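S.K.: Sequence:
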Amino acid sequence: MGKYLLLGKLTFEEYFVYRLNFVLWRFRSFVFFLTLFFFWLAIYGNRSEFLGYQKAQMLAYVVGIAFLRSIVLGSRSADLAGQVRSGELTKLFLQPIKTIGFWFTRDIVDKFLNLLFTILEITVVLLIFKFPLWFPQKPESYLFFFILAILALFLYFFLSFSLSVVAFWTEEIWATRWLFGVIFLEFFAGAFFPIDVLPGWLTKIIYLTPFPYLVFFPLKIWLEQLSTVMILKAILICFGWLVFFYWLAHFLWQKGAKNYGAYGG
7 MGKYLLLGKL TFEEYFVYRL NFVLWRFRSF VFFLTLFFFW LAIYGNRSEF LGYQKAQMLA
67 YVVGIAFLRS IVLGSRSADL AGQVRSGELT KLFLQPIKTI GFWFTRDIVD KFLNLLFTIL
127 EITVVLLIFK FPLWFPQKPE SYLFFFILAI LALFLYFFLS FSLSVVAFWT EEIWATRWLF
187 GVIFLEFFAG AFFPIDVLPG WLTKIIYLTP FPYLVFFPLK IWLEQLSTVM ILKAILICFG
247 WLVFFYWLAH FLWQKGAKNY GAYGG
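In the working numbering, each residue carries its 1-based index in the sequence shown increased by 6.
No lab work stands behind these hints, which were simulated from the structure alone.
Since the structure is predicted, the reported quantities are computational estimates derived from the model, not experimental observations.
Glycine included, each C-beta is placed from N, C-alpha and C at the ideal position.
Please note: incorrect hints may appear among the correct ones.
The list that follows gives simulated cross-link-like pairs (lysine-lysine, BS3-like), each with its CA atoms no further than 25 Å apart [to be verified]: (1) Lys264 to Lys104; (2) Lys136 to Lys61; (3) Lys261 to Lys104; (4) Lys144 to Lys61; (5) Lys144 to Lys239; (6) Lys239 to Lys210.
Here are the computed distance ranges between Cβ atoms for each label pair [to be verified]: (7) Ala263 to Val37: 31 to 41 Å; (8) Phe45 to Ala263: 37 to 47 Å; (9) Leu11 to Gln60: 40 to 50 Å.
Construct the complete structure from the given sequences, taking the supplied hints into account.
M.R.: Structure follows, in structure tokens:
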């Protein structure tokens, strides 16, 4: 445990060494949040309801996207692919620490810092525009939201880790990650808008993938638009995908590491 705490401390200090990179990343995230916020604010105008969502609910959904981006979709495991291609991964093999534990620890630090700045940014917007937010009325909604958000955090980590490990076999990993992030992750996860505004046949297909359980379903729980049965079903499906990608991440890592050659080494 001590080595992971030390790694977390070193990762935290790293952000202050490369402050400009972190500031630019937060600026990009804040601009994305403001873009979504003003977009939906303009769509609603003087209307109180649109596409089955009250104005306060939709604004709460947008705020929820920013929140879940920081604790679920924020990840440092994407850097693993670069280490594989450059040969820097060899250094990690020489350290007395498990690779998955190494990247998960870095992920946690990244999520913590992003969450702090996200809360600050959202607070500023709330104070300026003074728009109403939607809060659950049932105490169990907070519990279910927390459970699914934690499952989503682990699910995305192992999903992202599995994708990065593909770098053992291909040099086109960055294009793959970009397409994955923009087309599948952002769109199917509901990180732009609630996916249930899409045609019914399309949402049924999306529900079969792991992506909507990262953002969309946790926020549907927060907005109290799901029955208890639907919530339990979403949690069960998310857990099933988590088990699958946990196995896949370990399987691909073992296969890749066994045949690893230090590129550039």
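S.K.: Indicate, hint by hint, whether the structure satisfies it.
M.R.: Each hint, compared with the structure:
Our distance criterion of 25 Å between C-alpha atoms is met by Lys264 and Lys104, whose separation comes to about 15 Å. At roughly 13 Å between alpha-carbon atoms, Lys136 and Lys61 fall within 25 Å of each other, so this suggested pair holds. Under the criterion of a C-alpha separation no larger than 25 Å, the hint pairing Lys261 with Lys104 is consistent with the structure, at around 15 Å. At roughly 20 Å between alpha-carbon atoms, Lys144 and Lys61 fall within 25 Å of each other, so this suggested pair holds.
Between Lys144 and Lys239 the alpha-carbon distance is near 19 Å, which keeps this suggested pair within the 25 Å criterion. A hinted pair counts as satisfied when its Cα atoms are at most 25 Å apart, and Lys239 with Lys210 qualifies at roughly 14 Å. Roughly 38 Å separates the CB atoms of Ala263 and Val37, a value that falls within the hinted 31 to 41 Å. Look at Phe45 against Ala263: about 44 Å separates their beta carbons, and that is inside 37 to 47 Å.
Separated by about 44 Å at the C-beta atoms, Leu11 and Gln60 satisfy the suggested range of 40 to 50 Å.
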